[in-house]
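Novice: Protein chains in written order, with my numbering: chain A, 10 to 257; chain B, 3 to 282.
By construction, these hints were calculated from the structure, which means they are not laboratory data.
This structure is a prediction, so every number in the text was calculated from the model and none was measured.
Relax, there's no trap hidden among the hints.
Some chain B residues judged to face chain A by a derived CB distance under 10 angstroms, without partners named:
1) S47
2) M54
3) L56
4) I78
5) A79
6) R80
7) E88
8) N89
9) S90
10) Y92
11) T104
12) L107
13) Y108
14) G143
15) S146
16) I156
Glycine included, each C-beta is placed from N, C-alpha and C at the ideal position.
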Amino acid sequence: MVIIALALCIFLMTPTYYSFLDAASVELFETMGTTDFYRSVGVSMEYLTSPLGIYGFLTSFFMIASGVFGMHFGISVHTRECTEGTSEYLFTKPFPRKTIYWAKALTVLIGVVVVGAAYLLASFLAMAMFRSGTPWGEFFLIALSLTLVTLFFAAMGLMVGILFPRNRSPLLTAGLVVFVEYCITSFSNIISNRAISFLSPYSFFGAAKISETGFYDMTYLGWGVLLVTLFLVLSYGVFLKKDIQFRS
Amino acid sequence: MSEYAIVLNQLTKHYGKHRGISNLNLTVNQGEFFGFIGPNGAGKSTTIRTLMGLIRPSGGNASIFGLDCQSQASVIARDVGYLPSENSYYENMKVRELLQYTADLYAMNCETKMYELSERLNLDLSRKIADLSLGNKKKVGIVSAIMTSPKLLIMDEPTSGLDPLIQQAFFSSHVLSEVQKLCDRVAILKEGKLVGIQSIKELRESGYKKVSLTAKTTIPRDFWGLPGIANYTESPDKTSVSFMYNGNITAIIDKLHLLHLDDVLLEEPSLEEIFMHYYE
Numbered sequence: 010m011v012i013i014a015l016a017l018c019i020f021l022m023t024p025t026y027y028s029f030l031d032a033a034s035v036e037l038f039e040t041m042g043t044t045d046f047y048r049s050v051g052v053s054m055e056y057l058t059s060p061l062g063i064y065g066f067l068t069s070f071f072m073i074a075s076g077v078f079g080m081h082f083g084i085s086v087h088t089r090e091c092t093e094g095t096s097e098y099l100f101t102k103p104f105p106r107k108t109i110y111w112a113k114a115l116t117v118l119i120g121v122v123v124v125g126a127a128y129l130l131a132s133f134l135a136m137a138m139f140r141s142g143t144p145w146g147e148f149f150l151i152a153l154s155l156t157l158v159t160l161f162f163a164a165m166g167l168m169v170g171i172l173f174p175r176n177r178s179p180l181l182t183a184g185l186v187v188f189v190e191y192c193i194t195s196f197s198n199i200i201s202n203r204a205i206s207f208l209s210p211y212s213f214f215g216a217a218k219i220s221e222t223g224f225y226d227m228t229y230l231g232w233g234v235l236l237v238t239l240f241l242v243l244s245y246g247v248f249l250k251k252d253i254q255f256r257s
Numbered sequence: 003m004s005e006y007a008i009v010l011n012q013l014t015k016h017y018g019k020h021r022g023i024s025n026l027n028l029t030v031n032q033g034e035f036f037g038f039i040g041p042n043g044a045g046k047s048t049t050i051r052t053l054m055g056l057i058r059p060s061g062g063n064a065s066i067f068g069l070d071c072q073s074q075a076s077v078i079a080r081d082v083g084y085l086p087s088e089n090s091y092y093e094n095m096k097v098r099e100l101l102q103y104t105a106d107l108y109a110m111n112c113e114t115k116m117y118e119l120s121e122r123l124n125l126d127l128s129r130k131i132a133d134l135s136l137g138n139k140k141k142v143g144i145v146s147a148i149m150t151s152p153k154l155l156i157m158d159e160p161t162s163g164l165d166p167l168i169q170q171a172f173f174s175s176h177v178l179s180e181v182q183k184l185c186d187r188v189a190i191l192k193e194g195k196l197v198g199i200q201s202i203k204e205l206r207e208s209g210y211k212k213v214s215l216t217a218k219t220t221i222p223r224d225f226w227g228l229p230g231i232a233n234y235t236e237s238p239d240k241t242s243v244s245f246m247y248n249g250n251i252t253a254i255i256d257k258l259h260l261l262h263l264d265d266v267l268l269e270e271p272s273l274e275e276i277f278m279h280y281y282e
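Please model the entire structure based on the sequences and the hints provided.
Specialist: Rendered as structure tokens:
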């Protein structure tokens with residue numbers, strides 16, 4: 010469902026928004042161009058005059074949905090065993106916990122990759138409709154950033170799911186965490202504080218920055234990789250040692 | 003391979019400040035039917051879950067077939083069939099799918115046994131687990147636990163009978179009639195501690211007799227003055243009393259002679275009554 014929804018939305022909304030903003034660009038610039046709104050989402054009004062700008066603008070919003078998907082998937086892949094009471098079945102079978110951990114992590118990774126691939130394909134088809142030359146390298150990096158953000162939240166979700174296996178509302182948890190992270194990025198953009206931006210993955214992959222520099226910010230990328238590794242190492246270590254929780 | 007199927011050595015588990023089990027020591031021989039009895043909260047499931055590697059002990063250790071239950075849980079699991087106390091199966095699967103999944107996890111072809119056991123237990127393989135009654139879900143658990151022909155079967159509070167294919171069994175229950183019928187030996191657990199391990203035969207031959215009597219006059223408690231009286235109960239008018247007795251039988255008969263009795267019954271106590279004696 011998430012795959013279809015995201016793919017369909019980006020495919021339909023990119024040309025639609027582009028035509029809206031193209032027609033109303035002067036009025037919009039006069040009313041909103043000088044406000045902090047565009048700054049908070051990491052784009053400028055000028056950037057939105059290009060199809061890639063619109064695509065990057067929309068992608069920054071779809072990253073919220075994909076982030077919720079990734080984190081929810083990461084959390085629930087563990088919590089469901091507890092809340093649905095299947096832990097005693099699964100963990101008494103002839104597989105070590107490390108195998109179960111990596112099987113679950115791989116399942117989440119595949120889910121994220123499938124969503125990312127569908128989004129990339131739908132994005133490609135949407136961008137191919139514009140006759141003007143699209144910078145495909147930048148487009149690919151922006152499209153891939155959705156997958157990377159989803160992956161970040163999925164890894165965080167794996168950790169949260171293992172630390173709090175009795176969580177009966179993983180969707181609510183994922184929604185709250187993602188919303189807070191998105192707000193952190195908006196806040197750091199508005200006050201131009203780079204230190205705060207390190208707290209949120211949404212800051213790592215700003216579309217306008219990618220178009221400007223032609224690649225991801227290596228500091229953010231390295232920090233992101235470090236955090237994902239930390240989430241995985243921590244969750245793996247806890248998973249191997251922690252008591253299995255049972256439905257209560 | 004160890005001569006014992008199960009060894010618990012000072013096994014302890016605490017949940018923060020809450021008691022789980024404390025310093026349990028016991029051995030279960032290979033080929034033995036072993037029961038584990040105690041009321042709810044005594045620590046039976048905690049012990050079993052520690053044996054299955056689901057929870058980590060706070061102290062001591064446990065082994066099955068000489069293998070450590072924590073570090074080699076997945077190796078042990080290959081030879082162990084486990085029936086959890088609560089149904090823990092994927093509700094959106096059909097019975098056949100779940101049993102096939104079990105077989106796949108053991109990398110075994112259990113189709114013949116799956117059909118044979120399902121037929122014997124009258125279990126419909128085509129139904130969804132979510133649609134099954136609690137009893138039928140338990141049947142799914144039993145088939146799942148024994149269709150891989152485990153060397154050891156651990157059943158936590160089973161409500162159905164055991165399949166004769168089983169060669170060894172270790173199970174817990176608070177339903178004593180199940181234990182009485184099936185087990186060679188029992189361990190009695192009270193508030194996380196092992197009260198005793200006895201064979202069913204020894205338990206029944208412990209010398210305890212149940213004495214129930216009704217007299218024409220009141221029977222004061224101090225009338226008896228004999229050692230070995232337990233579980234003493236009396237009617238409000240104190241004309242009817244019953245108790246467990248394991249002292250000199252001639253001494254009690256002599257005492258009975260002194261009473262004007264309406265009725266007297268000396269019988270072997272049920273396992274429940276012997277068991278309750280441990281919980282005084």
